[in-house]
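Participant: Given the coordinates of chain U, assemble chain W onto it according to the supplied hints.
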Amino acid sequence: DAGVIQSPRHEVTEMGQEVTLRCKPISGHDYLFWYRQTMMRGLELLIYFNNNVPIDDSGMPEDRFSAKMPNASFSTLKIQPSEPRDSAVYFCASSLYPTGELFFGEGSRLTVL
Amino acid sequence: SQQGEEDPQALSIQEGENATMNCSYKTSINNLQWYRQNSGRGLVHLILIRSNEREKHSGRLRVTLDTSKKSSSLLITASRAADTASYFCATDPSGYSTLTFGKGTMLLVSP
Chain U
1 DAGVIQSPRH EVTEMGQEVT LRCKPISGHD YLFWYRQTMM RGLELLIYFN
51 NNVPIDDSGM PEDRFSAKMP NASFSTLKIQ PSEPRDSAVY FCASSLYPTG
101 ELFFGEGSRL TVL
Chain W
1001 SQQGEEDPQA LSIQEGENAT MNCSYKTSIN NLQWYRQNSG RGLVHLILIR
1051 SNEREKHSGR LRVTLDTSKK SSSLLITASR AADTASYFCA TDPSGYSTLT
1101 FGKGTMLLVS P
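For the protein sequence lines, the chains are U and W, in the order given.
Quick note on numbering: the working numbering labels position 85 of the first sequence as 85, and the sequence is numbered without any gaps.
Quick note on numbering: the working numbering labels position 83 of the second sequence as 1083, and the sequence is numbered without any gaps.
Please keep in mind that the hints were generated in silico from the structure rather than gathered at the bench.
Glycine included, C-beta positions come from ideal geometry on N, C-alpha and C.
Any given hint could be a false lead.
Label pairs and their in silico Cβ distance ranges [unchecked claim]:
{"no.": "1", "chain 1": "U", "residue 1": "66", "chain 2": "W", "residue 2": "1010", "range": "33 to 39 Å"}
{"no.": "2", "chain 1": "U", "residue 1": "10", "chain 2": "W", "residue 2": "1096", "range": "31 to 37 Å"}
{"no.": "3", "chain 1": "U", "residue 1": "27", "chain 2": "W", "residue 2": "1057", "range": "26 to 32 Å"}
{"no.": "4", "chain 1": "U", "residue 1": "52", "chain 2": "W", "residue 2": "1075", "range": "36 to 42 Å"}
{"no.": "5", "chain 1": "W", "residue 1": "1040", "chain 2": "U", "residue 2": "20", "range": "43 to 49 Å"}
{"no.": "6", "chain 1": "W", "residue 1": "1041", "chain 2": "U", "residue 2": "55", "range": "25 to 31 Å"}
The shape of chain U in the complex, shown without the other chains (with noise of 0.2 Å):
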């Protein structure tokens, strides 16, 4: 399997645009996770889906978060308006157990102008 994957690895945007951040899981597994990184808040936990249904989506910031899985294969985070603030390097992981070990993805790198 070639891993997560995530696309795209950078994006440079204009405050007030729309972002759109997809993740392609490894196959088989259950759990897809979304974390955004900061230098200043670390590894924050956004949402997290089980068999492609959203479980807790306690760390999404706003209401300009929104995430998808519409089928095992494929995820998307959108960011719409996308503001400076939140500029980060987001990741996606999956795994087979929601506590088990997490393989991440490369991480897409958002800078919001």
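Facilitator: For chain W alone, kept in the frame of chain U given last:
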């Protein structure tokens, strides 16, 4: 709030030396994991130790867990320049269904 706290925040050593990083946590756990993150890359799982284990080895890595002190240590022996990375501990606090990560220790190994 942060469950795991790594110490030190940064560590600089020479190749061949051993590196020790510590992780303290607040509540009881089922397991504790260590991850490595190279600059600009995703996190990579290193090792998992369960709450009923005291020590675990994997290659040049040795992890200890002291549940009475709510702490863990990661020892990298005979470090190499390629070990330069950030190291994170992650815990699954009892009653929580997901992992909580610390802010990490930045390790610099100089040739």
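Participant: Compare the structure with each hint and give your call.
Facilitator: Okay, the hints, checked on the actual structure:
no. : hint                         : result
1   : 66(U) to 1010(W): 33 to 39 Å : holds, 36 Å
2   : 10(U) to 1096(W): 31 to 37 Å : holds, 32 Å
3   : 27(U) to 1057(W): 26 to 32 Å : holds, 31 Å
4   : 52(U) to 1075(W): 36 to 42 Å : holds, 40 Å
5   : 1040(W) to 20(U): 43 to 49 Å : violated, 22 Å
6   : 1041(W) to 55(U): 25 to 31 Å : holds, 27 Å
Checked against the numbered hints above, the structure violates only hint 5.
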